[in-house]
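Undergrad: So the protein sequences, as listed, match chains W, Y and D. If you're matching positions, the first sequence starts at 17 in the numbering used here and goes up one per residue. If you're matching positions, the second sequence starts at 6 in the numbering used here and goes up one per residue. If you're matching positions, the third sequence starts at 614 in the numbering used here and goes up one per residue.
Hints may be right or wrong, so weigh each one.
[What the hints assert, rightly or not] Some, not all, of what chain Y presents toward chain D, calculated at C-beta under 8 Å:
| id | residue |
| --- | --- |
| 1 | Pro240 |
| 2 | Met253 |
| 3 | Arg280 |
| 4 | Gln295 |
[Stated by the list, open to error] Residues from chain D that face chain Y, not an exhaustive set, calculated with beta carbons under 7 Å:
| id | residue |
| --- | --- |
| 5 | Gly631 |
| 6 | Asp632 |
| 7 | Ile684 |
| 8 | Lys685 |
| 9 | Met825 |
Please keep in mind that the hints were generated in silico from the structure rather than gathered at the bench. Using N, Cα and C, we set each Cβ at its ideal position, and we do this for glycine too.
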Amino acid sequence: MELRTLTDAFGPSGYENPVRTLIRQEAEKRCDDVSVDRMGNLICRKPGRDRSKPAVAVAAHMDEIGFIVVGHTDDGLLRFRPVGGIDPRVVVSKWVLIGNDRLPGVIGAPPIHLQERDDLGKVLPFSKLHIDIGAKDQKEAESLAPLGSYAVFDTPYMEYGDGFVAAKALDDRVGCFNLLKLLEEEYDCDLICVFVTQEEVGLRGSHTAAFSLDAEIAVVLEGTAANDLGDVEERFHVCTPGQGVAVSFMDRASIADRALFKTMLKLAREQGIPAQVKRGITGGNDAASFQRGGRGARVVVLSVPCRYIHSANNVAKWSDIRAQADLARAFLKSL
Amino acid sequence: MLRDTLKTLLAAYGPTGSEHAVAEAIKSLLEGHVDSMRTDSLGNLIVEKFGSDEGGRRVMFSAHMDHIGLVVTHIEKEGFLRVSNLGGIGPAHVRGQKVVFENGTPGVVMLEPNTKGDGKQPTLEQLFVDIGAETREEAEKLVHIGDVAVYAPEFIALGKHRVAAPAMDDRCACALLVEMLLYAEDQKNTIIGVFSTQEEVGLRGATVAAFNLEPDIGLALDVTAWGDTPETKYPAVKLGQGPAVKIMDRSMIASPKVRDALFEAAEAAGVSVQREVLAFGGTDGGAIQQSRGGVPTGTLSIPCRYVHSAVETIDMRDMEGALKVLLQFIDRV
Amino acid sequence: MEMKAFLQEVTAKRGLPGDEGPVAQWVAERFGEYCDEVKIDAMHSVVGRIKGDGPRLAFLAHLDEVGLMVIKVEDDGSLRLGQVGGIDPRILPGMRLTVFGKETLPGIVGAKAPHLLSEEERGRAQKLEDMYVDLGLPAEKVKELVRVGDQVQLEHRFVELKNGRVAAKTLDDRCCVAILYRAMEHLKGLKHQADLYFIASSQEEVGGRGAMTSAYNAEPDMAMVLDVGFAHQPGCDRESTLDMGKPLITLGPYLNPVLTGKLEEVAGRIKVEVQKEVAPRGTGTDTDEVAASRSGVPCVLIGIPVKNMHTAVEVLDMNALEEAARLVAHFAAACEASWEEELWN
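Starting from the given sequences, assemble the full structure and let the hints guide the process.
TA: Here you go:
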């Protein structure tokens with residue numbers, strides 16, 4: 017499956033269905049034991065050739081940040097709130113798709129001409145932003161995009177620059193993309209590929225998945241903020257696109273198993289897979305759930321450095337995306 | 006020589022509205038080397054050097070003679086002069102500076118102390134000029150209301166290539182235009198050199214000149230701001246890296262074909278040039294471009310630090326480069 | 614070409630102030646389908662003429678678009694931007710821009726991940742000087758391809774919303790160029806006496822510069838300027854905004870009241886519903902320059918209400934466009950020599 021198909025798919029946290037359907041079709045070609053749990057997590061079990069090896073779960077989240085309709089104005093505009101962490105400053109003058117019919121909409125802003133100079137220094141909060149679908153009045157808006165309708169950024173996949181890709185939801189469809197790749201091969205260890213839901217709204221999918229998985233090791237494939245350009249001081253760069261997959265030693269939600277962390281870096285060095293240590297420690301991801309859910313697991317996170325995550329355009333480099341799959345595969349084969 | 010011409014022109018008194026002494030200095034430099042010279046109703050000095058080609062274009066080059074100054078608005082009983090600005094000159098520029106009037110009367114500029122201590126920026130109303138007079142009567146023997154003081158002329162060589170002086174804006178361009186008129190020969194296009202007036206108060210001289218002359222092409226010569234001193238980033242223009250071809254400023258977006266002709270001229274002359282985007286300011290180019298039905302126009306700039314201060318600083322290598330570019334440019338449009 | 618298709622294409626064309634060449638070329642070709650003569654003048658304005666024996670009547674809609682310009686190439690290859698025309702920088706983070714360097718390059722305006730924002734950063738809007746464009750290219754390559762002064766265009770998408778509404782950048786003011794084009798089509802079926810000039814003017818966003826010089830050349834006896842107005846949306850007063858769906862007529866001292874009366878008569882006769890607004894002083898459109906051209910030009914000003922002006926998602930109602938086109942065509946057809954006498958009586 018192409019990365020484009022995954023990033024263009026509609027799947028805000030809590031409504032991952034279209035993404036899950038796509039992945040399921042693909043996974044079933046490569047794996048006999050595919051199931052969906054009651055949180056919507058898609059779980060693919062692939063028994064290993066050697067039962068003495070530890071079972072390894074590899075996870076990526078299917079959901080993306082998005083929006084949800086919370087009301088309608090007299091003028092037929094949609095009031096909305098973010099689903100997941102979105103800086104309101106990145107949504108002004110952007111394009112979205114809403115609901116099951118994928119209605120196109122735009123998020124406007126008052127014209128610069130009608131604003132006071134001071135206004136330009138202020139952040140437009142979600143309470144002052146609206147989605148315009150062209151509805152004439154409240155009634156029409158309610159029928160076209162009822163309360164609770166989901167929306168996502170409408171950002172067609174684009175390859176650009178020196179081997180970069182720009183799309184919405186690279187966080188974490190790159191992980192899903194690579195996880196499907198891992199399913200193509202046979203390993204000595206038991207492999208459990210978990211495509212989880214609701215990461216962006218509080219690691220909720222992985223919470224229940226971890227409970228039932230019973231894996232000794234969990235590897236999380238993520239797309240993580242790079243923060244390497246602009247006026248960011250070098251000491252605050254989290255990781256650098258083009259320098260390979262980023263291996264975390266910790267973040268705010270989990271601390272990597274030290275041995276796994278070292279193993280990953282060693283494997284990368286030995287096999288010539290580009291890798292870097294992720295320097296920033298803010299944020300958190302599904303590794304926290306796997307580490308502490310159920311019987312617990314040794315965890316490590318492998319991330320693709322992504323610029324501008326949680327905006328309309330995430331940017332990642334293909335060489336890093338490939339490195340994530342290469343390192344995860346090398347790890348599974350090394351067991 | 007460019008440096009001597011520059012020195013001569015910098016020495017002339019010429020605030021906005023009283024540019025005649027500068028015009029006289031230019032005339033004596035050009036006498037016998039051009040085909041015609043005349044002065045129009047606004048005091049613009051218009052110099053022509055005809056082209057050899059019947060069908061040649063008429064290219065207007067404009068450099069402004071005027072210079073910012075302080076105009077006397079009131080004389081205090083104690084002999085101090087109160088002043089207002091002529092062009093963009095503020096308290097931060099003139100505080101502590103030496104100035105001079107047309108009749109040679111010197112003065113020093115000072116600011117009232119901020120007795121309120123409110124940390125507010127000083128205003129022009131708080132400025133005064135001390136000419137040494139002890140009474141209004143004594144002062145009035147030397148200076149009248151409406152007289153204009155300018156920074157006292159000075160010519161400071163800084164390092165190997167750089168020079169600082171008041172009125173560098175825009176006498177350095179006047180010097181370039183004089184030299185270009187002297188050096189140009191056998192050109193196909195007709196050169197109309199306009200040494201313009203009242204640029205600092207809104208391109209007034211050039212507006213009238215362009216309307217009357219109806220040129221085919223326009224090129225303004227002026228200084229531009231700099232981005233190479235502490236805490237100054239924009240424009241991305243540096244001293245000594247060559248003259249700057251203007252892309253845009255508040256008055257004009259350079260016409261692509263004139264802009265490109267400048268790049269070609271620079272290449273032919275083997276001179277490196279910089280590209281200038283200015284979020285503020287304007288030049289005579291804006292007035293020429295928007296004259297009548299529109300005149301394709303560009304601007305060639307000399308990077309100049311500390312514009313509108315008493316120590317406007319340029320690099321002579323940029324001047325030499327600009328002259329070469331100009332000579333190549335004349336017949337490329 | 615159908616008007617919506619025209620609008621979709623024309624809004625995509627490159628035409629920042631001062632370098633309207635590509636959009637001018639395309640518009641000149643379209644105008645050529647109906648005009649007796651078309652030229653692009655020294656300032657890149659497109660001037661089409663449909664000849665007549667009567668008074669010279671000019672229609673002006675501006676061609677240029679608001680945009681950005683590279684003001685610095687940083688050592689890491691990211692680009693710093695300056696404005697060309699009034700853009701609210703708050704629309705930019707996360708947007709795809711087009712950079713016209715030696716090659717045409719896509720670039721993305723960086724936006725920090727929300728996890729990494731300090732409280733202080735969250736609370737204030739980014740300034741343009743804090744933003745940068747990421748071309749995804751190594752710094753050396755960027756320096757080879759992009760230079761200070763290169764133009765940068767906002768992201769173009771043409772989105773059809775419900776009820777005949779469309780969203781795109783540069784509906785201001787190319788929707789009015791589309792109206793002129795559509796009006797020419799209507800004029801094929803109408804008789805007219807006036808000598809008609811259709812001017813797609815340049816450099817409006819930096820101060821009516823193209824209209825000023827084009828009007829000087831065309832020497833019209835009367836003129837109609839078409840520009841966009843502010844449609845009602847949240848965050849704006851009801852009083853200073855208009856409804857979608859209907860064209861508007863502006864009243865005020867810069868506009869000729871008798872000629873405006875003529876326009877209203879025409880609108881009434883052909884049943885075009887209009888709304889009105891008042892510009893107590895300058896109109897902020899090409900009118901301000903055109904009306905003062907040479908010895909003066911009596912002007913009327915009509916407009917199309919647009920939401921989100923100067924963003925990449927300006928929204929208008931196609932119905933207003935259709936109605937305005939009818940009004941323009943019938944106004945052109947109605948114009949006769951006797952009007953000139955009446956204007957000052």
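Undergrad: Each hint should be assessed against the structure and marked as holding or not.
TA: Hint check:
1. With a cut of 8 Å, the hint placing proline 240/Y at the interface with chain D holds, because the nearest CB-to-CB distance is about 7 Å.
2. The closest approach between the C-beta of methionine 253/Y and any C-beta of chain D is roughly 6 Å, which is under the 8 Å cut-off, so the hint is satisfied.
3. Taking 8 Å as the C-beta cut-off, the interface hint given for arginine 280/Y holds, the closest approach to chain D being about 4 Å.
4. Residue-level restraint check for glutamine 295/Y holds (minimum Cβ-Cβ distance to chain D is 5 Å; threshold 8 Å).
5. Among the interface hints, the one on glycine 631/D holds; its C-beta lies about 3 Å from the nearest C-beta in chain Y, closer than the 7 Å criterion.
6. Hint status for aspartate 632/D: holds, given a least beta-carbon distance of 6 Å to chain Y, under 7 Å.
7. This hint holds: isoleucine 684/D has a C-beta 5 Å from the nearest C-beta of chain Y, less than the 7 Å allowed.
8. At a threshold of 7 Å, the smallest CB-CB gap from lysine 685/D to chain Y is about 4 Å, leaving the interface hint in force.
9. For methionine 825/D, the interface hint holds, the least distance from its beta-carbon to any beta-carbon of chain Y being 6 Å, beneath 7 Å.
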